[in-house]
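Novice: Protein chains in written order, with my numbering: chain A, 1 to 471; chain B, 1001 to 1257; chain C, 2001 to 2431.
Incorrect hints may have been included.
Okay, derived cross-link-like pairs now, DSSO-like style, lysine-lysine, Cα gap no bigger than 27 angstroms in a straight line [claimed, not checked]:
id : chain 1 : residue 1 : chain 2 : residue 2
1  : C       : 2038      : A       : 65
2  : C       : 2350      : A       : 367
3  : A       : 367       : C       : 2102
4  : A       : 177       : C       : 2350
5  : C       : 2039      : A       : 65
6  : A       : 177       : C       : 2039
7  : A       : 258       : A       : 177
8  : A       : 69        : C       : 2038
9  : C       : 2350      : A       : 376
10 : A       : 367       : C       : 2158
11 : C       : 2158      : A       : 69
12 : C       : 2237      : A       : 376
13 : A       : 196       : A       : 289
14 : A       : 45        : A       : 57
15 : A       : 367       : C       : 2192
16 : A       : 415       : B       : 1136
Chain B is faced by these chain A residues, among others (derived, beta-carbon under 8 angstroms) [as the list claims (entries may be wrong)]:
id : residue
17 : 64
18 : 142
19 : 433
20 : 440
21 : 441
22 : 445
23 : 449
None of these hints come from the bench; they were simulated from the model. Idealized CB from N, CA, C, for every residue including glycine.
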Amino acid sequence: MPQNETITDIGLDEYKYGFVTEDKPVFKAVPGLSEDIVRQISAHKDEPAWMLEFRLKALEVYESKPMPKWGGDLTTLEDTLDQIYFYLKPQEQMERSWDDVPQEIKDTFEKLGIPEAERKALAGVGAQYESEMVYHSLKEVWEEQGVIFDSIEDGLKNHPELFREHFATIVPTADNKFAALNSAVWSGGSFVYVPKGVKVDIPLQAYFRVNSERMGQFERTLIIIDEGAEAHYVEGCTAPVYTTESFHSGVIEIVVKKGARFRYTTIQNWSNNMYNLVTQRSIVHEDAKMEWLDGNLGSKLTMKYPSCYLVGARAHGEIMSIAYAGDGQHQDTGGKVVHAAPNTTSQITSKSISKGTGRSSYRGLCKVYEGATGAKSNVECDALLLDETSRTDTYPYIEIDENTASIGHEATVSKVGDEQLFYLMSRGVDEAEAMAMIVRGFIEPVAKELPLEYAIELNRLIELEMEGSVG
Amino acid sequence: MAQPLLVIRDLHAKVEDDDIDILKGVDLVVEPGNVHALMGPNGSGKSTLAKVIAGHPGYEVTSGEVLFQGENLLEMEADERSRAGVFLAFQYPAEIPGVTIANFLRTAVNARAGKGEETDVFAFQATLAEKMALLKMDDSFATRYVNDGFSGGEKKRNEVLQMAVLEPALAVMDETDSGLDIDALQIVSHGVNTLTKADKDLGVLLITHYKRILNYVKPDFVHVMMNGRIVESGGTELADKLEAQGYDWLQEAAAGV
Amino acid sequence: MTQFDFGVFAGGLSEPETFTTHRARAWERYSDAPFPTKKSEEWRYTDISKVDFDTFVAVTPTEALDANLPADVQEVLDQSGERSGIVVQRDGRVAHIELDPKLAAAGVVLCSLQQAAASHAELLERALFAVTPTAAEEKLWTLHLALLTGGYLLYVPKGVELSAPIHSFRTISGPGVLTATHSLVYAETGSKAAVIDEFLSPDLDGEALSLHGATIHGDANAKIEYVALQRYGRGVKHFSTQYIAAQRDAQLVTFNVALGGDVSRSEVNSRLLGPGSNSEMLALWFGDSKQHFDHQTLQHHAAPSARSDLLFKGALTDNASSVFRGVIRVDVGAQLTDAYQTNRNLLLSKGSHATALPNLEIKADDVRCSHGATIGQVDDDQMFYLLSRGLTRQQAERLLVFGFFDEVLGRMPMEGVRERVRHAIEEKIGL
């Protein structure tokens, strides 16, 4: 098992939080996937019968579906799947207050650079550590308002009806192979409910890390924003550097009801051996507004296409994303908007940077059904290539069955312009800084939407990368 | 007299991938505090000279030398030249989307300060506000992205603002007057005059196609460039003569090498 | 109906042996290749699983053809401007060829492919038989080669310029017919070629199948204008696969116009093989009733410093549908590439629908590439303006569609070609 060590001297293309903490699993299933494992997980979680049934059925679906042939290269994934642990639970008990949180985990937060002050300011920190929520606190005022911010397991236990009403309705088991896998073995994640008319000002934040070699992480998050409510959920993941491949496959389901507003911000910086295959989907009702803000910086391969199903009149969906593909990385990301009601609107803004042998692909769908009169959608994707060996692809699908719809898609590919570089240098800025400025400027339209700590982290990363890119 | 600011001796230069020199033996000396106007027809090499002084990587010096305050300018990279005190106001400034003018200029100012001595955000804001007031510019200008979506006039004013903030010893202004209407021209000229008044040692090389700007910015010397060389030098009367008679009367001088 | 027997069919043709060999090889490949299905990206939106290829008959030429120009061809020629030559193919067989004697004297060759197999064997080998179709086109490409009865070669020698186009016609006489034809255009160094391939038929009382291939090759500094003007009557399903190769500094313009048929699919592959080469790719389509148009394009930059610029525009009314799938591919090392791709769609009716898939695959960093796609309707303000001048809604709509198309027409360099296409569109949209 991983030894307790700190990597102090980090190379430019390595993950900068490349430290590990001691691994203390309480329960660890055997590697690989079987009906037994699924039964064990369900029993361990003390789940109702319907959930066990649901899991077993999902396992069947998973096994019946072939590996996707599109997107990234998944050829070595099957071997990986035989070796990973599908369930891991570090501690029996859910922690209730900050004092009870083990020092080791507090240290982890320390290293992740979450400032003390901010931790206090955060209303509820749901931290997922080795597949489970270990710490969870919620401001009293929210509890009074009826806001639920729980682990997904507690959501199932404590709010069975609300849970069952929405669970797997947005991402059905059979949606795709990895949604099926997640449905069979899900563990950890958040359950959020914001009642009618309640406005949550401070973002709900969940930090989590994967910390065990060959361990799969199958988080499942269900978020319900009731009519007229408003909230912002922030999730970031960081992972230590390991040499063998790792796998993460989450499912995020979101319902934004009539007139509600919701933003989901996530930034992933998995280590460069991670397969990150995530299904993120939202259903957006009448006059509601859903925003995805998605940053993909790490992993070996990410396949993630946040989506908005606009099912109510005047619903609005927005997907903003930044992808960074360094050496050996493939970011296959994008977004989906489905217009199924009149006067729905959507906007996709995608910015990608490829460096070294990195490859970033934009894959998107804009679908307008007949009857979605006056639907409007606009897609902009811009790719920046930093090296001769970098690669970028753009694969948008635009399917329009409604003649009153108005759809636009624009994509550009460029490199850092020589004239831009010279201009900045002629003002005394050195080449690496000039490059970093141009790259930061390139992602600015999306980066400015990020929470401050993420924006700073992103800037630091770009600076580090640029120092390595000029002679 | 003190050491000259800029000395150019028999400078030859060409476009990187080309064979033929565009500059074919330029000689020029600029003393501190002097304004030199460099005039000449299209294609005479004026803009090439400006870019070579600033260190544009697309041009190659084939022979000759350029000394700035006694130092060999040609050995320096573009950013080093800038930090040494050379400023080029571009004819066609590049657009840098996503980077605000304030952010950009603070980085440029800090690049001069060296490690540990960076100007803090608030001190810089104050300096920038002061310079903008000096040039009669609106506050909102600082929060716009560098040249992104600027009109021709705005781009040129942005160049003058940068010159004011970076306080160079030598300003090379490459056709800063081109494409400006009379109002914009007056604003830009006012800016240049304000800066030369504030810094008595500022040397200016004003490259222009037309005499118009010289009605507002009074040069100490006027030079004419043709066919890659300076073929005639004089005072403001030379500019008047060029306006009245054009460049034809200099063809002979230009042809003789 | 009796089973189609390839051996009998091939035996009935009198042609050079090399041709027969290639034909047999193509038939073998056709028999082995899987049928295109909606599971592939290229055929995802066009379902041809119901097209029963066996019910169509590739006509074995037994009787001599009437060499006189058919009335419909004559009518078009009367309306058209200057031309350098004429090719007429009826039901897939070459019936008439004429070429300006001055050009013939200058070495220009215009002949049937069967003749070319004897006189220009090496050229056919290199420019036609060596073409490797994409996996998606394998089935239809090999079928068209195996059943090829028509087709022509236009060869323009070094430095020779055509000042007016060759006007080629393909007609289909009735239902049940399968035509397999090919256009091979080869322009040598510094030459200039221009061709209009026009596809004609009356509205049919049943189905007919048109398989068409084109190989357009421009040597160094050559200029080619190639137009495929598809105005078949109803009942025809048309499949065209075009391979375009541009060597150093070659300037190629291709223009696909789809107006007729029930289903019309064109795959246009442009390969930029030499530095300084330029490929302009243009297309227009106008669909009504239940017409379905499918355009698949590739701008493949295999050499540095080349340029490609694609503009495809379509307008649909009634229950018509269209697909555009375009790929810009820039190889490793193809620096200083300029590649642009624009697809614009107008939906004029409730039942019409359009799909756009503009793709980029970029493996070099010093490039300027962009693509854009829009799907929308006629601008309300423009419509109101025209209505307020007394036009009916239909008149206004057609006028606006014509305006929408004009940008593409304006990019055709040769006046005569531009006029011919403009006229054909006017006829279709009834302006």
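Novice: Any of the earlier hints contradicted here, and which numbers?
Specialist: Violated: hints 3, 4, 7, 10, 11, 12, 15, 16, 17, 18, 23.
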